[in-house]
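Fit chain C to the supplied structure of chain B, relying on the hints for placement.
Residue numbers (this note's numbering), protein chains in the order written: chain B, 2 to 412; chain C, 2 to 412.
Any given hint might turn out to be false.
Pairs involving identical chains hold if they fit within one copy or between any two copies, as the list cannot separate such chains.
[Said to hold, decoys possible] Below, a list of computed lysine-lysine pairs in the DSBU-like style, where the Cα atoms sit at most 35 Å apart:
1) K185 <-> K314
2) K299 <-> K152
3) K314 <-> K381
4) K152 <-> K381
5) K185 <-> K381
6) K299 <-> K314
7) K381 <-> K299
No wet-lab data here; the hints were simulated from the structure.
Protein chains: 2
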Amino acid sequence: MQDGLRIDGERLCRRIAELGQVGAIAGGGVARLALTDEDRAGRDLVVGWMREMGLAVTVDALGNVVGVRRGREDLAPVMMGSHIDTVRTGGRYDGNLGVLGGLEVLATLDDAGIVTRRPLAVAFFTNEEGSRFQPDMMGSLAFVGELPLEKALATAGIDGATVGAELARIGYAGPAPVGGKKGKVHAYVELHVEQGPVLEAEGFTIGAVEGVQGISWSEFTLTGQSNHAGTTPMRLRHDAGLVAARITTFARQVATEMGGHQVATVGLLTQFPNLVNVVANRVVMTVDLRNTDETLLKEAERRVFAFAEGAAKEEGVGLSRRTLARFEPVAFDAALVGRVEAIARELGHEVRRLPSGAGHDAQILASVCPACMVFVPSAKGVSHNVEEYTSPSDIQAGGDVLLRLVRELAG
Amino acid sequence: MQDGLRIDGERLCRRIAELGQVGAIAGGGVARLALTDEDRAGRDLVVGWMREMGLAVTVDALGNVVGVRRGREDLAPVMMGSHIDTVRTGGRYDGNLGVLGGLEVLATLDDAGIVTRRPLAVAFFTNEEGSRFQPDMMGSLAFVGELPLEKALATAGIDGATVGAELARIGYAGPAPVGGKKGKVHAYVELHVEQGPVLEAEGFTIGAVEGVQGISWSEFTLTGQSNHAGTTPMRLRHDAGLVAARITTFARQVATEMGGHQVATVGLLTQFPNLVNVVANRVVMTVDLRNTDETLLKEAERRVFAFAEGAAKEEGVGLSRRTLARFEPVAFDAALVGRVEAIARELGHEVRRLPSGAGHDAQILASVCPACMVFVPSAKGVSHNVEEYTSPSDIQAGGDVLLRLVRELAG
Chain B
2 MQDGLRIDGE RLCRRIAELG QVGAIAGGGV ARLALTDEDR AGRDLVVGWM REMGLAVTVD
62 ALGNVVGVRR GREDLAPVMM GSHIDTVRTG GRYDGNLGVL GGLEVLATLD DAGIVTRRPL
122 AVAFFTNEEG SRFQPDMMGS LAFVGELPLE KALATAGIDG ATVGAELARI GYAGPAPVGG
182 KKGKVHAYVE LHVEQGPVLE AEGFTIGAVE GVQGISWSEF TLTGQSNHAG TTPMRLRHDA
242 GLVAARITTF ARQVATEMGG HQVATVGLLT QFPNLVNVVA NRVVMTVDLR NTDETLLKEA
302 ERRVFAFAEG AAKEEGVGLS RRTLARFEPV AFDAALVGRV EAIARELGHE VRRLPSGAGH
362 DAQILASVCP ACMVFVPSAK GVSHNVEEYT SPSDIQAGGD VLLRLVRELA G
Chain C
2 MQDGLRIDGE RLCRRIAELG QVGAIAGGGV ARLALTDEDR AGRDLVVGWM REMGLAVTVD
62 ALGNVVGVRR GREDLAPVMM GSHIDTVRTG GRYDGNLGVL GGLEVLATLD DAGIVTRRPL
122 AVAFFTNEEG SRFQPDMMGS LAFVGELPLE KALATAGIDG ATVGAELARI GYAGPAPVGG
182 KKGKVHAYVE LHVEQGPVLE AEGFTIGAVE GVQGISWSEF TLTGQSNHAG TTPMRLRHDA
242 GLVAARITTF ARQVATEMGG HQVATVGLLT QFPNLVNVVA NRVVMTVDLR NTDETLLKEA
302 ERRVFAFAEG AAKEEGVGLS RRTLARFEPV AFDAALVGRV EAIARELGHE VRRLPSGAGH
362 DAQILASVCP ACMVFVPSAK GVSHNVEEYT SPSDIQAGGD VLLRLVRELA G
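Bound-form chain B, shown alone:
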């Protein structure tokens, strides 16, 4: 595998630009919400490329599309892929890079006349973003058997239309049964933009993604007492705003003290009655905790929840908490992560291990086969935004790592 084969980065960038014209919006972004006319047009373009390349294309009953390139033996394929649906004001790279990068790997092998032992597949999964239909990662969840097809098809979107009806309408309610069982995919590799600032900020070209962070979203409602800011001595206050502030600073402290991949964010904080001279009688706030390690995530939760209760009690403020979301971390296959790192080094790229802070189809596929992800930098960490950008040289680097890794895996 030291033959120095490289993908054609320019061809890949041209395809990214061409797909980016489908559902294009002002500022260079795209809007291809799942199962809309724009999504259909994007699907048609990519499926057309798959057919041109001679792939065997199957569309399953949930609209997941898989293009397979035959191998020398009839084995479970090595799969690449991601998604091509976008958020309402999305970029050109999120998802699309993984799908078109996979096609570029196959085209490169075609050009070099190389046939791998195992088949190679490129997949795009329906509704990864979850902007129109909940849950996100719907296609891959059904693909691995974690979401019943009937439930997925019956899902109504933000506009009232159901997944089933929209699939039929755009012609992507395919004949194939949904998804695979364990063993039907040999391994899954997803090339993706980081969507965060770490690689760029630290000067790395390749991220070897160790896993996807577990997520804990809690909402706290603090109930204090509204009082006059001038006439109420400090010791007689029940200030919901103060307790909220103490929780916010403590959450940061926990993340700092725990270090590693622990992050903590109080993104939402709404104070009532929100007047200059009235002590706050109510605050609704959220705490977003994430870690790649479930034990550590639980520890962060325990510390923040305990502190919040103590701080509320100390101030004579009522506290209630509800869980808005809770997902356990997913660890990618250690051997694959190691290979991503090693290959990137072999190719002369600066590489670092890092977790993914966002969810991806790869974490779903990880339940049925060894899976991993290759990250390339997002300029300024921006994603889900028309300004999303990854440079051609980084795309070349990511595609080369993907090429070499799947060649290894496919033999």
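Just chain C now, kept in the frame of chain B:
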């Protein structure tokens, strides 16, 4: 003065209840915004009582009303008073108690056949609350010469009407020149409900008000960077919400460490974009600092402002600050405060010195004559609310202190 003369608390409470029927609203409160029809009706009722008692009533060009009871000598009068305008959902006691308490003192002296050496006056000042027209304490400010009459008359209210036009409309643009010069009032004593929880919470009946707190209102705008809560490591964040929280907790710390009469409140805090999983890129917040001592208030400002700048810098967050309001503290006449305290003790009441956290006409009058205030408890510290309540026994106690003090002052 040890003759044991007491006011008729029942008569005073009846008058409070009767005035409370004018502009009555659901829940036992009143709405008599300055210079509305309801304010006129309230004024007419009180002026009627003044005339029944034989007082010489003057109405000045800003609608301030003064009723004078002759003394044995033609000297500057000892004045009692307050205001009878209310906020939109006000209580029956705020302001009204000081005016009707003053009338009750005169009625008690009438009943006892006592004529003081100095004249006694009862005043109510126009638009103390400032709910309809800014600034608050308008009538007393003009009375002492700190606000030009023309400016006051030209002031447009929240409904567009001007003070001058409304005074004319309700018949309270009086013929008398506005206000007094130094020396025209011998002393001013204002009986008022505390509007805070201290007296009730600590079991005191009478508050000897040492002064009115200085007020410092600052608005901070913090400008951070919006980032993904999952993908952005803690060290790369510029979290405006975290800086806001640190300022909030520090403001509390300053108030606690300084002790005394220092209070600090972050009542208003608005976070953007205010989403669970997005680091806040902007916060607008206020810090309300008050102290009875200008040097200490400046010290609190210095500490909070310096901390805010440091915290913002540390997080890489921009900070701008503007002053929304700044008033220096007013100290009431030390001798008068001492007499309030002593008289309350002589009458067998639990008394404590305390500052006023809210503004009052007395602080304005303090610039032209010795002034002081007598506080009685507000149930649960509630004011500017239909649930405002002060018990008949506390009203009796406050009226008795007022009676004895003005008899001393009037000789």
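Evaluated hints:
{"no.": "1", "hint": "K185 <-> K314", "in the structure": "neither (54 Å within a copy, 54 Å between copies)"}
{"no.": "2", "hint": "K299 <-> K152", "in the structure": "within (31 Å within a copy, 64 Å between copies)"}
{"no.": "3", "hint": "K314 <-> K381", "in the structure": "between (41 Å within a copy, 20 Å between copies)"}
{"no.": "4", "hint": "K152 <-> K381", "in the structure": "neither (38 Å within a copy, 54 Å between copies)"}
{"no.": "5", "hint": "K185 <-> K381", "in the structure": "neither (38 Å within a copy, 70 Å between copies)"}
{"no.": "6", "hint": "K299 <-> K314", "in the structure": "both (22 Å within a copy, 32 Å between copies)"}
{"no.": "7", "hint": "K381 <-> K299", "in the structure": "within (30 Å within a copy, 41 Å between copies)"}
When held up to the earlier numbered hints, the structure conflicts with 1, 4 and 5 and fits the remainder.
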